[in-house]
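With chain A fixed as given, assemble chain B onto it according to the hints.
From first to last, the protein sequence lines stand for chains A and B.
For the first sequence, position 92 matches number 87 in this note's numbering, and the numbering has no gaps at all.
Here this note's numbering = 1-based position in the second sequence + 52.
Check each hint, because a few of them may be wrong.
As the list claims (entries may be wrong) - Listed next, with one range per pair, are the computed distances between beta-carbon atoms:
#1 B:181 / A:227: 39 to 49 Å
#2 B:187 / A:116: 42 to 52 Å
#3 B:187 / A:133: 46 to 56 Å
#4 B:143 / A:214: 22 to 32 Å
Calculated from the structure, these hints are not laboratory results.
The C-beta atom is built at its ideal place from N, Cα and C for all residues, glycine as well.
Okay, here's what each chain looks like letter by letter:
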Amino acid sequence: MKLKQILQEIEKVDEDVYSLSGSRRRVLRELGVFTKKAAFAALPFSLATKATNTQAQSINTAAIEAVLQFALTIKQLEAEFYTLAISSAGLVPAGAAFDAITTIRDHENLHVAFLATAIEDLGKVPVAKPVFDFEGGKGISAGVFPDVFTNFDTFLVVAQMLEDTGVRAFKGQITELVGAGSIITGFLGMHSVEGRHASHVRRMRMLRGASIKPWITGKVSGIGAAAQLSYDGEELAIQGGISIAEINGLSISIEAASESFDEPLTKEQTLTIIDPFLV
Amino acid sequence: MTKLEKTGELQFQGKNDLSTAGLRRRVFLYYAGVGLASVSLAAAGCKKESQIEGVSLGSGDVGILNYVYALEQLEAAFYIRVTESYYAGATDAEKALLNDIRDHEIAHREFFKNALGGVAIPPLDFDFSGIDFSNRNAVLESAIAFEDLGVSAYNGIGGIFEEEKYLTLTGKIVSVEARHAALIRNLISDGSFASTDLIDANGLEKARLPAEVLDIATAYITTIINAEDLPTA
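One chain only, chain B, in its complex shape:
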């Protein structure tokens, strides 16, 4: 996975014929209507100094991988807190399932951490003070929110990844998140595993782009995240 660090700008600058390559990029980007930030970055062929403080996710596929790494950090931190001291009335069966989910999220988190290596964002800080962890409903409703958000986030990156191999890996994770989401929904209300607020008229589950996801997720993330260089289309 060391090649990861070469994606985005690095590989990009490795082109021999810079002028032609630059022209092609600009033409294509113009034609494709790619976000303004990436256009200027590409056309200039150099790194832009960020005007925003905080942890930068980076650009290109690295940026997307850091973005899902941030979400997995959030989910793992949440379930670690849930399983530290369970809500009142948690059955053994529920505890076993939630312990499993915690371990899956930790596995996802550590996978991205190792995959990103030197370009990984640092561990983020979280604030779950708005959640009453002693209350079953409060915990499970929050879990649903995080899981549904995660699925929609993974569904939303299919169109913006450059490298197929990363899409293969996130594709392996998103269906597991969907399994979690359905299970927790069922724990609250049996049969709500895929209710109509999630699925559109074509039977397709919601997809969210990073900006929308981060808007929701950052309510629980105290570290300031700078996502300005993420691909938007």
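Bound conformation, chain A alone:
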């Protein structure tokens, strides 16, 4: 096949794809499973390349940018939270706890920078950092966590809530990035680091007497009503239509069934959860 023909064929299919209106996903469905990935791979899209097919790029860039901006806001929240904690004299005990919180803070700062760079690579401007109120009162009233930076246990409670929420929020965005090349792998790389943070913060609480595990059992927050929205839905024990408890006659409890899968949150659910922290 001559090169010219190949290019014409690509142009033709591109036209087919992008003359369709509607959501990216519907367009992709109409194309069928296999061509989906190829169509995206054929786009000159990656972190390193600039847009050439304007219409195609505008569809994809908008969807991907929305995910990255949302993720950036979550990471700005976490980064500032740990930064303030580290600089609050007497809050985080010296030694293992201080080292761990410093490690987590550093990761969150790196994630903020990574996302900002990814957004800039799309030719867009990263969202400005919001003003936060970690007491959870939106900056206008007494929040539910008034001693977040003076009481280490309260700090850990909010940390657990933010990490578990972060895991679920990122998880909810993964499929939006299908076809986005290296971005999806980077996004998954942040998601699993968030899972490690959540596990560690939970362990820090366990060592201080909290009755929780490194994983989420049912929809138990181990915190109380103030954090319940972060855990609602985690009790799911049926995955892809398959019931996990006692699966295939094995002694898998309903608790283990829920623990073995973390559940996603939508953007809207996440924003509702973090709203008390936004001024």
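Coordinates of chain B only, in the frame set by chain A:
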């Protein structure tokens, strides 16, 4: 989940206009630089006879799901062995955590088995004879290796899955594996939950493609695995 069996080649052959579809596929694949094996398979529009013996994982999303099913089989088998007779000095708290992890891995294993149904690979055989199960350090170090490997494997398939719903499901599992990995690391050395060998300069955890993962995992899997039809990009 019965639709699973229709992914990959089946759905692929269901196209009406075979010549145009074939042309488009070939063009796209050429352009995308997809692995040679899948190109020839796609262009020929027919099943290739494997030259390699062993259990074939299959191609497309089915192949990827069988690949993670194999890894979950490995992890489940390991923790079943660990919890059958604990290492010396295991505390009740440690036993409870490791029992939990065993059950999670069994749940993952059985989930994939049922999801794959008729296209699932058979149960694999394992060889853990190199691990001293009576020694705490040996057990926990092996557990870390398996968990970190599992996380990197799940992180590595995000870019090669075709169907979003499978990515949603593996996304639900990978963060639980990350929770396990962090916990076991902490049991050996408190604070090592996300140490620098795992995380790059951007704060991102490692992702491994199937070939690299299987290279490591097959040291413990005695069944010969044929992964030649797995997507590579």
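Hint check:
The beta-carbon spacing between residue 181 (chain B) and residue 227 (chain A), approximately 46 Å, falls within the hinted interval of 39 to 49 Å. Residue 187 (chain B) and residue 116 (chain A) have their C-beta atoms about 48 Å apart, which keeps the hinted 42 to 52 Å range intact. Take residue 187 (chain B) and residue 133 (chain A): their Cβ atoms lie about 53 Å apart, and the range 46 to 56 Å holds. A C-beta distance of roughly 28 Å is found between residue 143 (chain B) and residue 214 (chain A), which places it inside the suggested range of 22 to 32 Å.
Checked against the numbered hints given earlier, this structure breaks none of them.
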